[in-house]
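Full structure from sequences and hints, please.
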Amino acid sequence: MLVYLARRTAALIAIVLGVMALVFLLSRTLPSSPVEMMLGAKPTAQQIAQARVELGLDRPLVEQFARFALRAAQGDLGTSLRTGQPVVTEILSRFAATAELVTLALLLAVLVGVPMGVWAAARRGRAFDQASRAVSVSLVAVPVFFLGILLQLVLYGQLQWLPLQGRIDSDLMLDHPFASVTGFYLLDTLLAGDLAALRSAASHLLMPVITLAAASLAIIMRTARNVMAEVLQTDHVRTARAYGMRPGRLLFGFALRAAMLPLLTVIGLTYGFMLGGSVIVEYVFDWPGIGGYIVESVVTNDFPAVIGVTLLVSSVYLLINLVIDILYFAMDPRLSL
Amino acid sequence: MSASLTTQLPAQAPRLGPWLRRHATIAWGGGLLLAMLLLGLAAPWLPVADPTHIDLALKLLPPGTAHWCGTDALGRDLFAQVLHGARISLLIGLGVVVVALAIGVPIGLVAGYAGGWVDGLLMRLSDLFLAFPPLLLPIMLVAMMGPGLENAMLAVAVSWFPWYARIARAAAMAVKAENYIVSARAFGASHARILFRHVLPNSTTPIIVQASLDFGYAILTTASLGFIGLGATPPTPEWGLMISNSRSVFLEYWWTAAFPGLAIFLAVMGANLLGDGLRDWLDPKFEERTA
Amino acid sequence: MSGLTIAGLQVAIGLAQPLRDCSLSVAPGEVVGLVGESGSGKSLTALACLGLLPAQARARGQIQLGDTALLGATESVWRGVRGRRLAMIFQNPMSALNPFFSIGRQLLEVVGAHFAEPRAALQLRVRKALERVQLDAGFADKYPHQMSGGQLQRAMIAMALACEPELLIADEPTTALDVTVQARIMRLLRELTGQGMGLLLISHDLALVAQVAARVYVMYAGRTVETGPMRELMGSASHPYTANLLKAQPRLGQFQRRLPVIEGQVLPATSSPGGCVFQSRCWRATELCRLQPPPALSLRPLSRVECHHPILPTLLAKELEHG
Numbered sequence: 001m002l003v004y005l006a007r008r009t010a011a012l013i014a015i016v017l018g019v020m021a022l023v024f025l026l027s028r029t030l031p032s033s034p035v036e037m038m039l040g041a042k043p044t045a046q047q048i049a050q051a052r053v054e055l056g057l058d059r060p061l062v063e064q065f066a067r068f069a070l071r072a073a074q075g076d077l078g079t080s081l082r083t084g085q086p087v088v089t090e091i092l093s094r095f096a097a098t099a100e101l102v103t104l105a106l107l108l109a110v111l112v113g114v115p116m117g118v119w120a121a122a123r124r125g126r127a128f129d130q131a132s133r134a135v136s137v138s139l140v141a142v143p144v145f146f147l148g149i150l151l152q153l154v155l156y157g158q159l160q161w162l163p164l165q166g167r168i169d170s171d172l173m174l175d176h177p178f179a180s181v182t183g184f185y186l187l188d189t190l191l192a193g194d195l196a197a198l199r200s201a202a203s204h205l206l207m208p209v210i211t212l213a214a215a216s217l218a219i220i221m222r223t224a225r226n227v228m229a230e231v232l233q234t235d236h237v238r239t240a241r242a243y244g245m246r247p248g249r250l251l252f253g254f255a256l257r258a259a260m261l262p263l264l265t266v267i268g269l270t271y272g273f274m275l276g277g278s279v280i281v282e283y284v285f286d287w288p289g290i291g292g293y294i295v296e297s298v299v300t301n302d303f304p305a306v307i308g309v310t311l312l313v314s315s316v317y318l319l320i321n322l323v324i325d326i327l328y329f330a331m332d333p334r335l336s337l
Numbered sequence: 001m002s003a004s005l006t007t008q009l010p011a012q013a014p015r016l017g018p019w020l021r022r023h024a025t026i027a028w029g030g031g032l033l034l035a036m037l038l039l040g041l042a043a044p045w046l047p048v049a050d051p052t053h054i055d056l057a058l059k060l061l062p063p064g065t066a067h068w069c070g071t072d073a074l075g076r077d078l079f080a081q082v083l084h085g086a087r088i089s090l091l092i093g094l095g096v097v098v099v100a101l102a103i104g105v106p107i108g109l110v111a112g113y114a115g116g117w118v119d120g121l122l123m124r125l126s127d128l129f130l131a132f133p134p135l136l137l138p139i140m141l142v143a144m145m146g147p148g149l150e151n152a153m154l155a156v157a158v159s160w161f162p163w164y165a166r167i168a169r170a171a172a173m174a175v176k177a178e179n180y181i182v183s184a185r186a187f188g189a190s191h192a193r194i195l196f197r198h199v200l201p202n203s204t205t206p207i208i209v210q211a212s213l214d215f216g217y218a219i220l221t222t223a224s225l226g227f228i229g230l231g232a233t234p235p236t237p238e239w240g241l242m243i244s245n246s247r248s249v250f251l252e253y254w255w256t257a258a259f260p261g262l263a264i265f266l267a268v269m270g271a272n273l274l275g276d277g278l279r280d281w282l283d284p285k286f287e288e289r290t291a
Numbered sequence: 001m002s003g004l005t006i007a008g009l010q011v012a013i014g015l016a017q018p019l020r021d022c023s024l025s026v027a028p029g030e031v032v033g034l035v036g037e038s039g040s041g042k043s044l045t046a047l048a049c050l051g052l053l054p055a056q057a058r059a060r061g062q063i064q065l066g067d068t069a070l071l072g073a074t075e076s077v078w079r080g081v082r083g084r085r086l087a088m089i090f091q092n093p094m095s096a097l098n099p100f101f102s103i104g105r106q107l108l109e110v111v112g113a114h115f116a117e118p119r120a121a122l123q124l125r126v127r128k129a130l131e132r133v134q135l136d137a138g139f140a141d142k143y144p145h146q147m148s149g150g151q152l153q154r155a156m157i158a159m160a161l162a163c164e165p166e167l168l169i170a171d172e173p174t175t176a177l178d179v180t181v182q183a184r185i186m187r188l189l190r191e192l193t194g195q196g197m198g199l200l201l202i203s204h205d206l207a208l209v210a211q212v213a214a215r216v217y218v219m220y221a222g223r224t225v226e227t228g229p230m231r232e233l234m235g236s237a238s239h240p241y242t243a244n245l246l247k248a249q250p251r252l253g254q255f256q257r258r259l260p261v262i263e264g265q266v267l268p269a270t271s272s273p274g275g276c277v278f279q280s281r282c283w284r285a286t287e288l289c290r291l292q293p294p295p296a297l298s299l300r301p302l303s304r305v306e307c308h309h310p311i312l313p314t315l316l317a318k319e320l321e322h323g
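Residue numbers (our numbering), protein chains in the order written: chain A, 1 to 337; chain B, 1 to 291; chain C, 1 to 323.
There could be a bad hint or two in this list.
As the list claims (entries may be wrong) - Ranges between beta-carbon positions, derived for each pair: (1) A/Thr265 with B/Trp117: 27 to 33 Å; (2) C/Met1 with A/Thr265: 48 to 54 Å; (3) A/Gly253 with B/Pro106: 47 to 53 Å; (4) A/Thr265 with C/Ala137: 33 to 39 Å; (5) C/Gln134 with A/Ala330: 28 to 34 Å; (6) B/Trp117 with A/Ala66: 23 to 29 Å.
As the list claims (entries may be wrong) - Where chain B lies over chain A, by a calculated footprint (3+ residues, C-beta under 8 Å): (7) 191 to 205; (8) 262 to 275.
To be verified - The following residues of chain C were derived to be distant from chain A, with all beta-carbon distances above 12 Å: (9) Leu124; (10) Arg231; (11) Pro268.
Hints were generated in silico from the structure; no laboratory data involved. Heads up, the beta-carbon is just placed ideally off N, CA and C, and yes, glycines get one too.
What follows is the structure, encoded as structure tokens:
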């Protein structure tokens with residue numbers, strides 16, 4: 001087990017380095033003028049010349065990359081052109097907002113998708129199975145941004161049940177601010193005992209979370225259904241039935257355990273989808289997270305910020321994939337024992 | 001993601017009617033897509049309004065007899081925009097898949113056929129492109145290349161090619177071991193010839209399956225890029241861009257967002273159905289739907 | 001202890017009729033064999049007894065365990081029967097147990113489902129069951145992939161015994177195992193049945209069944225074509241199919257130039273013959289056999305054969321000649 005861990009960690013570091021190299025290479029070759037991109041709008045010839053020396057653009061590429069990688073390893077991912085702040089600081093300040101959104105969406109997709117998929121497998125071929133398949137196929141075809149807009153149209157525009165955007169009612173924040181312990185508004189308001197703020201935070205979370213979770217829920221539900229349908233045909237499930245195991249326990253305690261592995265892989269994949277989807281959802285709902293930051297940076301040509309964010313988010317993505325791989329390994333007694 | 005490598009497309013064309021009825025998903029999906037594509041392609045010649053014609057006097061009209069889908073904030077006819085958008089979105093989606101194929105398949109074929117360090121190197125390199133969460137790499141690439149529909153298409157294609165490289169590589173590795181390859185070499189066939197005449201045809205089936213499954217997602221992704229302003233530029237009537245334009249008014253004027261959104265939904269649904277149907281037809285081992 | 005009675009069991013799946021007419025009985029505590037080649041319907045019979053037929057199967061007839069009717073029983077009836085009164089062990093022990101749980105855990109799960117006792121008492125039951133099959137306590141923590149085929153089958157038998165059922169159905173329990181391991185399992189089964197539990201042993205191997213069974217049923221093409229006491233049947237079979245089975249058993253030390261085979265192929269489940277199911281492969285078949293289903297004859301006590309021209313036991317034949 002430890003050997004596996006060591007091997008995978010080494011591989012992770014190698015890939016992160018590779019990604020940095022790729023991003024670096026692309027940033028130097030793709031834009032028509034990398035210097036202008038790094039400096040922002042229309043610099044003077046003198047500024048350009050100065051930057052060339054500063055950024056070491058006259059040095060060989062390999063040396064440039066080495067400096068770049070070294071700085072990155074020390075936590076310096078450049079400075080935002082818009083705000084002048086280090087990119088890392090800006091990302092960290094927005095991290096909690098995205099984390100709350102993605103975590104809740106993942107929980108929703110898994111906690112609703114898996115049981116529904118299991119149920120569909122148990123009622124294979126019958127009405128619920130067919131219906132869930134139709135819903136699943138449809139949800140996957142709806143663009144994330146359109147779903148968000150539809151929800152806004154109906155739940156805010158027509159019915160006025162939920163707020164349009166943002167994380168929390170700004171008036172509320174001014175009236176009774178609460179301490180930011182975790183950065184997760186749901187937890188922080190709960191800890192502060194501030195029920196009004198809790199309600200506001202929750203109602204603001206509802207639409208973005210549903211929008212982000214929808215497509216993933218559909219995929220998880222379908223995968224759970226397919227994997228369970230196979231597991232239910234296996235010999236060991238037949239044995240359990242032959243010995244009188246109750247259907248509920250059989251499905252969720254016994255068979256699901258066998259289905260966990262492939263399901264875990266898909267959950268890992270959908271987590272990746274959500275990271276990408278969060279960019280769009282945050283844009284639609286004006287959510288102050290990393291996704292929104294990416295869009296802002298791109299649209300305002302804040303080149304260093306774009307590169308910095310891409311590197312950081314990709315590293316986190318790779319790290320989580322590693323965690324999932326390790327979980328996978330640990331959960332299969334045939335591999336780990 | 002895998003498909004049978006030895007299934008070939010049927011040698012003789014079956015009778016169309018009963019065949020379509022049996023493969024209903026291909027029929028419906030393909031039909032839907034085909035309809036949209038034809039309409040989109042024919043759009044410039046159809047008797048609809050000019051999608052770029054601005055007339056502020058006509059702005060934000062609800063759907064009615066004069067304007068089937070209403071008008072947007074600049075008075076442009078939405079139906080015309082949606083129709084023209086069909087051409088753009090479908091062709092761009094196709095372009096994404098084709099370019100991803102064009103990059104990925106040769107890389108995969110060479111990697112699988114050559115083996116050894118060439119294989120290792122090529123696969124490691126292409127795996128780097130998979131290290132990014134979806135959408136992030138296209139966004140970064142567009143940021144570097146500048147906005148525009150072609151750039152968006154290239155960016156998405158570049159982030160997808162590794163999937164096709166993997167499929168092509170698997171096919172190449174499977175075929176490489178076959179006896180007829182060895183005999184072809186014995187007769188002096190060059191590597192290139194073997195790759196082209198023997199290996200490539202064997203990999204077409206799984207590639208077609210993957211491509212058709214990806215087509216819908218290609219449409220979605222380019223629309224998403226258009227939505228956040230990184231794809232099509234105004235005044236191009238691209239569906240994602242149209243929804244983006246509607247953001248200031250859609251709460252009171254629902255049609256400005258609903259119709260382009262519906263169009264995307266139908267196109268992606270059609271593509272997904274077609275992809276699923278093709279996969280079921282061409283991959284006999286895939287038994288997802290057993291009653 | 002209850003006995004098992006199956007009367008006129010028929011199972012249809014789609015257009016096929018894999019079980020045409022099966023009738024057998026196992027008295028309380030008795031060891032009975034069910035012999036037939038693959039496709040004869042013997043496994044389906046076992047599955048029907050536990051209500052484990054595939055969803056699309058349609059079953060008709062009667063299955064009684066004591067005074068409980070099993071065919072078409074409700075879920076609550078089954079929960080009281082499966083594992084508790086009627087237990088089954090399957091052919092392939094490697095896949096019959098869940099690879100993700102230790103066998104101790106799986107056994108605990110089974111006893112927990114049937115006995116409302118505190119955990120300590122349940123664990124004692126599990127330990128006792130493992131002891132009976134000569135697996136020491138350490139095996140409780142092992143996972144299936146860490147055990148051999150023979151050990152796994154013994155674990156399965158332990159699971160079957162853990163709830164002290166009245167009858168055990170063993171479907172090809174040794175087919176997937178080595179010959180030496182086979183002997184060990186058979187010995188174990190013999191011991192266990194000596195303690196009062198009934199056993200229905202299903203196999204294609206007549207010789208194997210002969211080691212333990214007092215009576216045997218022979219199945220062909222979904223019908224029970226012959227039954228009788230073990231010794232008598234081995235000595236002189238009445239049904240031509242059984243006779244062929246006996247002849248086809250290779251015997252150690254006996255040199256045979258060509259192994260005898262039964263010509264022809266098993267009747268497919270989708271065909272519905274008018275006459276005898278075996279007639280196309282039978283050397284004694286006549287036109288009557290082709291046209292009319294054979295009657296069920298009872299030539300000797302406790303035996304029954306479905307045949308127009310049964311092979312009469314020599315003594316009886318001689319008597320008929322003279323008398």
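Taking the hints in turn, this is what the structure says about them:
1. Between A/Thr265 and B/Trp117 the beta carbons are some 29 Å apart, a value that agrees with the proposed interval 27 to 33 Å.
2. At about 49 Å, the beta-carbon gap between C/Met1 and A/Thr265 stays in the expected band of 48 to 54 Å.
3. Taking the beta carbon of each, A/Gly253 and B/Pro106 are about 49 Å apart, inside 47 to 53 Å as hinted.
4. Between A/Thr265 and C/Ala137 the beta carbons are some 36 Å apart, a value that agrees with the proposed interval 33 to 39 Å.
5. The supplied range of 28 to 34 Å is met by C/Gln134 and A/Ala330, whose beta-carbon atoms lie about 33 Å from each other.
6. Checked against the hint of 23 to 29 Å, the C-beta distance between B/Trp117 and A/Ala66 comes to roughly 25 Å, which is consistent with it.
7. For the stretch 191 to 205 of chain A, the stated coverage by chain B is violated: 0 residues have a C-beta nearer than 8 Å to a C-beta of that chain, whereas at least 3 were required.
8. Given as covered by chain B, the stretch 262 to 275 of chain A passes the check, having 3 residues with a CB less than 8 Å from a CB of that chain where 3 are the minimum.
9. The non-interface label for C/Leu124 is consistent with chain A: the shortest C-beta to C-beta separation is roughly 19 Å, beyond 12 Å.
10. Annotated as non-interface, C/Arg231 keeps its C-beta farther than 12 Å from every C-beta of chain A; the closest such distance is 32 Å.
11. For C/Pro268, the shortest C-beta to C-beta distance to chain A comes to about 24 Å, beyond the 12 Å cut-off, and the non-interface label holds.
In terms of the numbered hints stated before, the structure departs from hint 7 and from no other.
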